[in-house]
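K.L.:
The listed protein sequences derive, respectively, from chains Y and B.
For the record, in the first sequence the residue sitting at position 1307 is 1355 according to our numbering, with numbers rising by one throughout.
For the record, in the second sequence the residue sitting at position 26 is 30 according to our numbering, with numbers rising by one throughout.
Don't read these hints as lab results, they were simulated from the structure.
Keep in mind that this is a model prediction, so the values were computed, not measured.
Some hints could be false.
Residues of chain B clear of chain Y, computed beta-carbon distances all greater than 10 Å [said to hold, decoys possible]:
hint : residue
1    : A54
2    : E90
3    : L116
Now the in silico label distances, taken between C-beta atoms and shown as ranges [to be verified]:
hint : chain 1 : residue 1 : chain 2 : residue 2 : range
4    : B       : V130      : Y       : G1112     : 26 to 32 Å
5    : B       : E131      : Y       : G1112     : 26 to 32 Å
6    : Y       : P1111     : B       : V130      : 31 to 37 Å
We put the beta carbon where it would ideally sit given N, CA and C, even for glycine.
One-letter residues, chain by chain:
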Amino acid sequence: MLRGPSRPDLLRAETLSDILRTTARRIPTKTALLWEDRQVSYGELLRTGEQLAAGLRQRGLRPGQVVGLWLPRGADLLLAQAGIALHGAAWLPFDAETPPERIATCLADAQARGVLTTRSLAPRLRALGLTVWDYEELSATPAPAAPSATATPDDPAYVIYTSGSTGQPKGIVITQRNICHLLRSENAMLGVREEDLVYQGFSVAFDMSFEEIWISYLVGATLWIAPAALVGDPEALAATLQTRGVTVLHAVPTLMGLIDAPLPDVRLINLGGEPCPESLVGRLSRPGRQLFNTYGPTETSVTATLTALTPGEAVTIGRPLPNYGVLVVDTDRRPVPVGEVGELAIFGPGLAAGYLGRPELTAARFIPNPLASDASEARMYLSGDLAQIDQTGVVRCLGRVDDQVKIRGFRVELGEIEAHLGQEPGVAAAAVVLRPVAGIDQLVGFVVRSPGATGGPDEWRRSLAAKLPPYMVPAQIEVLTEMPRLTSGKTDRRQLQQRPLSGFAPTAAAAPRDEDERALFAILTRLMPGQALRPEADFFQDLGGHSLLAARLVSALRQTPAYARLGVGDLYRERTLEKLARAMAAVRARAAGTVGRPPRRRPDGRAHLLCGLAQALCLPLLILWHISSWLAPFFTYHFFTGEPEDSIGFAVLASLGVFVLLELASFVVAIAGKRLLLGRLRPGRYPLWGVTYFRFWLSEKLTLLAPVRLLHGTGWMNLYLRLLGAQIGRQVFIDSLVVSVPELLVIGDGADLGSAVLIANARVEGGELVVGPVMIGPEALVESNTVLENDVHLGAGATLEAMSCAPAGTSFPPRETWCGSPPRRVDRLRTVLPPRPAASWWRRALLLASFAGAALAIACLFFLPVFPTFMLIDALDARYIDIFEADDLGAFAAFGLFFLLAIPASALLVGGTVMLTAALRRLLIAPLAAGRWAIAGPAYFRKWLVTRVLDASLETLHGLYASVFAAGWLRLMGAQVGANTEISTATGVSPDLLRLGRDSFVADGVMLGDEEQRGGWMTLQPTSVGDRTFLGNGAYLGAGAALPDDVLIGVQTRAPENATLRPGQVWLGSPAVLLPAREGDPGFDPRLTFRPSRGRWLARATIETLRIVLPMAFVIATGYLIVHATMPFAEEERWTALAGALAVAGCLYGLASFLLVLALKWTLVGRYRPTARPMWSLFVWASEAVTSVYEALAVPNFLDFLRGTPLLPWALRLLGTRLGRRVYLDTTDVTEFDCVIIGDEAELNAHCGPQTHLFEDRVMKIGEVRIGDRVSVGPASTILYDTDVGADVRLGPLTLVAKGERLPADTDWIGSPAAPAR
Amino acid sequence: MKDDILIPAIWPVPPPEPAGRPTLLRLPHAGPRVMARAATREAARTILGAWCGHPIGLRETPCGPRPDGVAATRGFRVSFSYVGTEAWIAFHVGPVGLDACAIADFPERAELARLYLTETSDDLPVEVFARSWARLEANLKYRERSLSEHARVAAPRQARDWTESGVALAVAWD
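So here's chain B without its partners, still in its complex pose (with noise of 0.2 Å):
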């Protein structure tokens, strides 16, 4: 693994957050994506054993990452999203979810849009497309759920939405 790709972006570890509100990391990286992967992982359990004062591990469930440890008797949970190439991942005391979705235009948007997105318009900007597909995403990531036709989420309990540099973010948290 070529440490120079990803890791130096993130220090200094960033001071914790108050408690009850997510801390948003945002990486840069330029390998094949699951080497952004681990890279991203590695990044996330450094930090939250600098928050810690202890070893961080996190484990693999069929709903994503899961710190463990200390990390995990305090509540952290993480979410990581890639788009393009930047890396975001996510921290927070209680559930989270994160998603970063690329303003593209492509053939499949408006049957997405309406399968997925329950939108009825043929003609979705990208713009729109692409906050709410990070929506729609980010919500699921909350509520460890996989993707479905049809399928009608609840709205998360407060959302936020940031746009930055051509990239539409959705947060969910607690």
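For reference, chain Y alone in the conformation it holds in the complex (with noise of 0.2 Å):
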């Protein structure tokens, strides 16, 4: 016999409600549960139990009388039970799959006098005539003045029923000192404590809930109720605990098993309910965690022995809790000695009264304990388990004694199956038995008909589907001409066993029913020939079928369009054929709707042509325009300079005083150009290249004249909004955003918007234009990189994470975190913050005035190394040349001498440029610290002053960025960056708080360490990328990253949370998703690759300062062009032929920038085909010059204005690209440009693009994207290389088409990466 520690101090004369009270008015403010985004205090969970008890009462429930409780999981049915405790009743609980029928037996059983639900299950009760109370009336309870008479310790606290062998369901009672007792003494040896958060995810109907739930309650822990969703699925369950920061899971060893992740917050694992494989201790064990595995019937209150487990030593059920004790008997029960064999007896104060109404069964199993030392000792009870206590004192349980069964994890007694199978009408005699069919242990029932009954298997199945839980219904039912009898008249178990089911005996084939049965027999008979087919056959069970059939059978029904939807995961849901038949008969339904798809308008192309003349008629104002912001300034200094009495100073204040009118002007035409022009657009669907159309092009384009950039992260882009239409509410926080048409947009107060946010709101789709608004709540948090499309509301207090996207027509509930692309509901729980920090009127205006002449400071700032430069051109031009003065000079050789001239000061320019940027930064603004700040404060303002320096000098100094020099750049900006990393342009970066390591890779516009700016605060973080870390295009990292090395995050990849991040590891989407492997070293000299010799190091910076100051001198030397060109009419003071001689002279500058590209690239690099280049070699660093001139130059002063119109395919077919008749092209993102070909009348939205090269592991490889006709690319989607995307294909937002995806024709695909839209 062994006895656990003697603790007197534990037997205390108490109930559930002294102890839930006890806690409860001890700490009411603490946080009791956490549900979804719902928080019960302990004082709250107090006073809601408090009502449903005088709830309760009033009905006339009185104390220790029996209640059932069946409510769905949440916070309203602990809330519930809580409710019962309190009042003194016993709650008899049932799980949400619980059929009604049974629930109507165990509450007949236990003389329950009514049942709580919640009004939407209580009609099911109801109709069985049973008193059914109402959560949502009880819970609406006036609180009562003080809590009436509540239960005595020996009333009971809860009834719970097992499965029984007469037929009925057992209940055993548990009293109110059992179980109050138990929850001390299993506590005093678990230790759960008041700070931690406890994982509940047990169903109340299972009794080791109540290690959960009220050990909690009996310290004060916080309880964090898994939603039903996540606690069948360990993936997702693990990664929300360790989101959570769960501290302490109670969980069945297989649950843990299936968690394959760290759970660093986890201090303490309790195993229990099932044996506890020697391997999980291993697996879960870590410094400063403990780990219980503990053992008990329900009939002793929840847990009786207890061990921690160490790693290496064998598992064993441990000692007795505190004033419990075991021993193990015979059949004889009398007492074994020690090391043997028998059934392990329990004794105890939680040992249960007995079954309910089952004298005899609790005579049975509820026996004198022949060892006892006093009264509370005198019975014991038998378990039904094998078990030994070895030479040390512990006990190692050894399986079930019993015909217990064990299906599925569920204890079973046959008897009570066999006792329902038995009242079937028809069945004369019945048994069942445990036994492998088709290889898998399954309860088979064998029944005797009675004479002349007709009734069948499938009947019978189904009835007793209606009454047992699913682990309780045989999976088979024979029907026997007689039952196999024992010589004591007993059922021949071991003959059944034995005996050869009819389901083994071949089965002949079923015709098909349906056009969809056809088609699946036909592939079927192609794909398993000779199988038996039959529409109730399971394909993986009784086919034979396996994982590569299942992936051809689909692959193969896929073929016919109308099945083009299905997927392998149908097949594993609907495993028989006629179930897969209704699957693929609803997919071909949805196809047959086309899944709300309207029919595609035809393009007109009278109208295409017609828009297109419109537009080419717009294109040179509009140029003119974007040019004059540098042209006017340039030619005003040079106006008030070039004699000798000139002022230099004069000649900047006025150059600086024309640039900053017309920024200023920028504002008033682009607002003013926008409401005149389009006035309101109304949501709609409006002919592609039609009217609306041609308006709204013109109206976005003005727009792009504005310098927004200026305004981002302050006040003044929320009233910028507001004047082109936009409806922004109060305390509205805007970091940066674009905004297709902005008087459809709605901001709530007080909500929030990250960065590069994209409201494409206004996008082209089937040849329409499709309108429509987005409404953002308040206090909504839209975080950085989303995209959200026309139609989709988000509601108050709603989340939509970094990297995720909002198709059209969503809707996010309010107060819901929806993550992803695709995006998915996430249970997430966030940094409760401070309340908004307040600021006075005027605060808030002296940070607008701050924010406005800061803006325009730095903006002169970045213009102000331009006069050196010209000081220097003109000293030149004076001293050996003067060109000004030579009369017979053509264009062609002034240019040439301007170009000349234009090299020492180009680079004369970037250098001060630099050293202008690392004084501002340096000795200006002070390094930035990680913390929370306040957004109305000082420390936000350095933040903002450091971003729109770094976002200047992307303009000023783009060619810095993707050459040797950007490391080197970063690092005088503060950053810590190792040696060889590549950088080619990062944004969002607090380089105070970064440090990348060596030899790593930053591809174009990553995301790097974006801070959190919400509810008035901004909080920042280190953030930090280990060494030979690869960041691909659009990659997202947050602030508080931390990258391990040799980690690979793929094209337009959110970066998972820090935990889950392992060195070598490769992610690629949003959410992100572990790949296998990275693609395969593919040969290259590591001299070429990341280990470059200083000679090719020197070439190649050689090339890039070229590659830097040459495009500089270009615009230098064309402006000198021009000056000298239209100077002579100012000096003859011939303005209007000054106007129109200089709107030519832009005009001409933005096609010839586009020329200039055209030139390098054909002359450079020649035609673009699929390769692999190593990075340190010619063709790599060519080929970057010219997609750094052609972002830089070409696209910013012309193409960009060519967006949306026919002539932006015509521009790139020049450069290459094989375009089909009347592409939509709302974007200039195109590198590789021969190795993109896209058919007729295809679109591809705004900020989307062909991804035709990657940089991993330094080798550039090229491949071929093709698009075909009539496809159309959602806003901001990316498509990778060697992949083509079928005709008529579309692809939603946000959405990554993987390396090598082929999709087919006529399908709808979304997501990061990309799966078929459903």
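Need the complex rebuilt from these two chains, each delivered in its own frame; the hints are there to steer you.
P.N.:
Now the structure itself:
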């Protein structure tokens, strides 16, 4: 015999209500329950519980009486349970899935006075004549002034039913004294504490839920109630446990075996409910974590023995809990010696009184204890488990003694099922055994029919399914002529175990009954020749299907267009042929309705031509205005210089004045143009290339003229959007935002929008401009790099996380958090922020003035280095050439001379800008520190200044990025960058808080440490990237990300949580999924990839210097040429002629920028073809030079204005892209032009693009992207190389088509990575 | 059930392998898959019973069969695979996934390679396909996940292949 420690202090006369009240009064504000986004404090738990208790009392329920409890999982269920406890009644809990008939049986057996359930479930119980109490109604009962009389410690606390051999389930009554002692006794060993966050995953019908719920109530811990969907999804559960910071887990070993995550915050794991595998102990153990194995039948109040588990030691069920005792007895119920195997018996204060209304059974299982030392140990419970107590005094459990069987983890008595089966009409005798059927342990029923009976196995199974839980319904019922009997008259179970089953006999094939079955059977006949196909056959079990056959079957079915949207998951869900055929029918019906896809509007060739002509007429004016922002100050400076008496200072001031005036005027032009031209665009679908489309295009191009970047992250952005027609509430924070139709944007009070948010509420699809509103509710949060299409509604307080999309028509309920592309609801606990910091009106006004002044000052400062450049050129010209005075100099010769002079001047300009920026950064802006800062405060202002300086530098110093100088540039700005790390373009950087390791690679457009801005607060955290880590184009790292070494974060991928990252991993998508492995090393010499020679480094640096300086020299030389050509008009005061000449010159400049790229592309690179070239090779440098000039000169000065016109396809054709007819292109994001093939009438929306190269492993791999006819590519989507997008495919927003994908024609895809849209 | 189809091939019972290494059994079978499945499970129970010294049951779970009783306590896992007229069983103390895939050509091969193996080549050799498929499936079984299009599953911590008499095979284990 073994006894646990004697602890008289744990033996108290108390009830569950005493425990709950004591804790709730001690810590009323402490959170007791977390359920989805709801928090229930202990005070609220007590208040609501008392209201429910009062309601129950009013309905006549007395303390000590039994009440059923049938609510779905959630906070309400635990509130209802607390209410019953506070009233002093006993609950009889049922799973949400329990059939109402079984509930009725148990309620009747327990003589329950009624059942507490929700309004939605109540009708099912009322139909059975039960007394039903609405939870909703009871919880509205006024709270009593003081709690009334409650239960005594010997009243029942709960009743739990287990399977019973008589056909009736048996109820076990546990008293308040039993369970209260257990809570104290078990926690004396476990040590759950008030500061713990405890996972609540068990059903309340399983008594291990007491360990979760009531031990937490005992100590005042917080319970996190897991949503039902998570309980069955170990991967998602693990991720959520980590995010939530759960510290205590009570779980069955099976669940823990499926969780393959470190769960660093979990400090205590209590395993129980089934045998614990030894291998699990090693896996779960870690320093600082306690691991327990607990054992106990329901009859002894949850747990009777416990052991701390240690890796490498045998798993046992340990020793008795304090005040408990165990012994092992033989078949005559006599104690056996140590080491011998027998049945385990348990005694102690947790022992139930017995089975409800089953005195014989109680007497059989609850027997006198031969070793009792006092009256409290007089009885013991025979557990039915085989066990031995070893020499060291621990108990080993060795399995079951009796005929109870375990199926799918449930304890089942076969007799109960037999009794039910025997009551079925037409059944004369019934027996049930557990035996392998088709290799699986299944319950098999055997029935002898009554004479003349007509019922059959299918009806009996259906009837049992209505009365019993699914695991108790026999998988197969065999009809026998007579039941095999032993001589004693009992059923010969051994013979039933062994007799052949009819299911093994060959079955005849059946004819298909409809077109879906015909299609299915036709393919199965080919794939599985010789199989007897019957609608009820299970593809895997009966036909011997396996995964490869499943994949082949679905693939073959998808060849029929009507079934193109079928996935292999459908076959895993619908395993029988008839169910699969039904799924096929549903898919076919959806295909017939084309999933709400309206018929494609065929473009009108004439409209296309006319629209193009109208757009072409507008282009010179648009380009001129854009060019004038630098040409006018350029001209002004030279107008006021050139004579000996001229003042350089005055010329500089005049030039700056013109610059500032034009910047401000651009806002006026954008706002006035937008309002006058377009007015308010109404939601709807308009023909592409029609009049409305043209007006939309022109207004969008006008807004392109305004330097909106100056307003980012300030209150001016809100004002600007309001002036454009948007409805922006109070205290809205917008970092940076692009919106297609501002007048259809509504943002509620207190909402926050991160950076690079794209509101694509007008986009082109199916030959139409689709326009709709976007509503962002009050206090909602839209994080960075998100894309919202038309007709999207984000509820109050809802969150759309970074790198997520909201496809057209999506509605996000209030306070929910959604993440990813396509968006999925996530259960994420966010740090609770302090209240929004108050800011007086004068402080806000001062801030607005500061932002305005600083924005203009930064713009001017970045313009300043141009003046020394002018001075140098003018000085050189005056000393050596004197171009301005040479009358006979032709334009080409003048340009050539200016270009030569501009080369050293451009070098001076770049150098000057770098020095100025660094000086600004280092001398005027104090370093930023990690922490939480008010947005209306100085720290945010400093952060904003740094961001603006970096943004401004991206314009003047664009050429520095993706060069050998990029890392040095970021170091100069304050970042820590390791040796040999390559950086293309990084955004969202807080340099003081950024650390990049060595040999890493940051591709284009990577968001590197995006800070959190919400609720009036900015949170800065350090961001670090390890060595040899690769961040793909458009990847996203939030502030606080810490990437280990050798990680690859793919294109358009949101880096996962730090805790899940391990060195060497490859992640792709949003949310990111772990890929098996990256592509193998293509085998280039390391000197061409990671370890270049000094000579090669110098060669690249030289080429990149030229790449930076020469385009700038081109710009300056062009400016001088224009001044040279137009100055005579000014000198002659022919102002109209001057304006006309400047207009023509401006447009020619835009065109010349494009022609320069064209010339460079064809001379330096020629035709792009699929290839793999190491990074340190001439081809790559030349290609990067072309890309850099294309992005820095041709796009902003010319091609950007061609977006959405029929002219852009022509421009790209000249660069080598193969485009079909009437292609709609709202993007210039093309690099290896010849590798892009786009079919007729394809539509590429804003910010999307074919990504024809990647730089993984420092090798530039180039491949083709083929986009078929009439394909529609959603906003911000990326199509990687080696892809073929079939005709009429539609890609959703923020969708990533991964390398090598072949998307079948006429299908819809969405997500990162792309998956069939369902 | 005809005992002579399968059972004799597994006698004598192989000795238990050192912990930490998977044990692989190869059995011939000539009956329908459904019978082979029952027989291999019977064989697995027999072997586990011999190793553990107790009768062992196999409990069917949504993620495949799991040993019960003492075998469960010791952490044994099993994985089954069938190809042609052969059945394979892998035993391991810890998670295990086993798959065998026949080398065969069929029309859907290129599409399957693209959708499930993320292979880009249209003319993936049949041997490479079979090997990749067996690896994927073994990995899925190891991780207790079902097949789905474009599912990127993490690679097993270690993987080893055998190629024997026209059968590509992969096993993944801790």
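K.L.:
Could you tell me whether the CB distance from B/V130 to Y/G1112 stays inside 26 to 32 Å?
P.N.:
holds, 31 Å
K.L.:
Does the claim that B/E90 lies off the interface hold, with its Cβ farther than 10 Å from every Cβ of chain Y?
P.N.:
holds, 13 Å
K.L.:
Please test the hint of 26 to 32 Å on the beta carbon pair from B/E131 and Y/G1112.
P.N.:
holds, 28 Å
K.L.:
Can the suggested window of 31 to 37 Å be confirmed for the beta-carbon pair Y/P1111 and B/V130?
P.N.:
For Y/P1111 and B/V130 the Cβ distance comes to about 35 Å; the hint holds.
K.L.:
Are all beta-carbon distances from B/A54 to chain Y longer than 10 Å?
P.N.:
Its Cβ never comes within 10 Å of chain Y, the nearest being 17 Å, so this holds.
K.L.:
Checking a non-interface call: every C-beta of chain Y should be farther than 10 Å from the C-beta of B/L116. Is that right?
P.N.:
violated, 5 Å
Hint 3 from the earlier list is the only one contradicted by this structure; the remaining hints agree with it.
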